[in-house]
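2 protein chains.
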Amino acid sequence: MIIAIDAAGGEYAPHEIVRGAIKAAQEYKVDVALVGNKAMLHVLAGKHLRKLNITITEASQVIDFHEHPVDAVRLKPRSSIVVGINLVKDGKADAFVSAGNTGAVLFAALLNLGRIEGVERPALGTIINLIPSAPVFLIDAGANADCRPKHLAQFAQLGSIYATHVLGINTPRIGLLSNGTEDTKGNRLIQETHKLLRNSGLKFIGNIEGIDIARGTADVIITDGLTGNIVLKTIEGLGDSLVRLRQQLGHSVDDARHFRGRELLVDVGLGALVKGMDYREYGGACLLGVKGNVIVSHGRSQGKAIKSAIGLAKRTVEQGICQLIKEIKYD
Amino acid sequence: MIIAIDAAGGEYAPHEIVRGAIKAAQEYKVDVALVGNKAMLHVLAGKHLRKLNITITEASQVIDFHEHPVDAVRLKPRSSIVVGINLVKDGKADAFVSAGNTGAVLFAALLNLGRIEGVERPALGTIINLIPSAPVFLIDAGANADCRPKHLAQFAQLGSIYATHVLGINTPRIGLLSNGTEDTKGNRLIQETHKLLRNSGLKFIGNIEGIDIARGTADVIITDGLTGNIVLKTIEGLGDSLVRLRQQLGHSVDDARHFRGRELLVDVGLGALVKGMDYREYGGACLLGVKGNVIVSHGRSQGKAIKSAIGLAKRTVEQGICQLIKEIKYD
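Chains A and B supply the protein sequences, listed in that same order. Letter by letter, the first sequence follows residues 229 to 559 in our numbering. Letter by letter, the second sequence follows residues 229 to 559 in our numbering.
Calculated from the structure, these hints are not laboratory results. Among the clues, some could well be false.
Intra- or inter-copy, both count: the list cannot distinguish identical chains.
Cut-off 35 Å, straight-line C-alpha distance, at most; resulting in silico cross-link-like pairs (DSBU-like, lysine-lysine) [unchecked claim]:
no.: 1; residue 1: Lys320; residue 2: Lys542
no.: 2; residue 1: Lys532; residue 2: Lys503
no.: 3; residue 1: Lys519; residue 2: Lys251
no.: 4; residue 1: Lys542; residue 2: Lys279
no.: 5; residue 1: Lys503; residue 2: Lys251
no.: 6; residue 1: Lys257; residue 2: Lys320
no.: 7; residue 1: Lys257; residue 2: Lys519
no.: 8; residue 1: Lys378; residue 2: Lys423
no.: 9; residue 1: Lys503; residue 2: Lys519
no.: 10; residue 1: Lys519; residue 2: Lys317
no.: 11; residue 1: Lys532; residue 2: Lys519
no.: 12; residue 1: Lys317; residue 2: Lys378
Can you build the whole structure from these sequences, using the hints too?
Following this line, the structure appears as structure tokens:
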């Protein structure tokens, strides 16, 4: 299995990307194709190029975070994003992982890989891990800001496949994120989607509220990409606040009292909660509904997050998610 | 100043409502009008009826949580919600506080108090207190699931008034909640609202992301009622997880190590963060844009939350928010 990785994407590229890729190659026994500036990547990957199965594919252009996705993809055919997506298209890689401009990755994937027949709107699904041992899958995490009911109903089909095969949940419980659990709650989009999900044949448990995310009421949370993104980043912001608290403790390890406190935080599960709120742990979001495996990582990804993203890509490939999505009968 | 309080509303009514009302009457020196079953409230308020300025107004009907708001308000004119709203309408109370059926409170307020001229959609605004000493005001917290750009632009006008006069922030920074900070991000609603806010004369700092909520990037966060409600309840859910951790520590006070850890958590600010994520602290959301002061409390409100809500009602009345909203020139 070959995982292509955008070595030029993200705040910490290329150093941290290469670091994560090397760790993943060691730990997961996957072949990694680094995509970016060949000369620089040769220096960074160094001795690992021979020992591990790491290759380098030249990409002379870089798409910046602030570039307009559509324009950038069209104007930069030799960018690491476009080159990486094309490795998947041409069958030279089984998946592509990028921490670069999310919009550009999505657009390049739609343009060059194409949608799976029947899927109207490919969507980003991401794992939320607030309860240890009970991961939750949220879809859409940000690909589609404007959605119609049919799109959300399809997200439920995609999410159900992913939760079953990657998270190992039999007949996952599908919850529709709303402002109340009653069937009549929500805006028009939610109300119409609710009716479609009632008749979907999926294990639809009805509307859920924001409070249910940390409770694990549903295995798959259905929402539009705008709300999904806002919810994930709200959790991330609170996670940052907790990480700062933990760091304050960490800085005082020479003080016995603080050291004990730190131990204690781990004991009582704050460690697990912080871990669950930390995007580095789950690595990235999976773009579902295109003809190929694409993982979008957080722009702030460092080595650990990139390694996790490659692990997620590996699981996605192993489970044959693309093929399973092709086999769904869409209404 | 007389604050009317729905003694029949919420999961812990009437006991905890009466307890909170008594505490508020003692602490804030306000007169409280309990609205509910007269005989029962006489027993519960007991000796306090004479010592403090607590009165009782009979309401023989109760609107349940699961009743349809519009039907319930129309069919139950003697419910605590309708009677309480009418005390404000008739000038017999300066504000009404309820932890009951939110939809019913909103509908009764719209029907019996009416909208302030020019305000198209009254909205719920609530204080988020994740950073000690830097409260943030979020509007709409759940009154309007479906919004148009003009509605959101008006929420910014309402929120700006509230943040200035109740939170004491000069020219508050207005942020529009979106899935990215760039002007082009968001769905159609966000993009159109963005343009209106650019020309609003308010201190609009542009789009903000979910991660900005805990960072305090904006003083006033503008969002539709669906997203606002989901965000608040996501925070509440994570707060519940932290409260459970703190309680685990609390239960082990006889163990010296745990006691130290608990002290430590307070030292490093976890106490403040948990407090900030706890709805009991801010007490409720203020309905802005109707001809009267109405505070909607959390359905899970116990004495402490009800006391806080009455405190919030007092500040809202003192600052003359209703009058200030009447004086705004709406586009």
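Violations among the numbered hints = none
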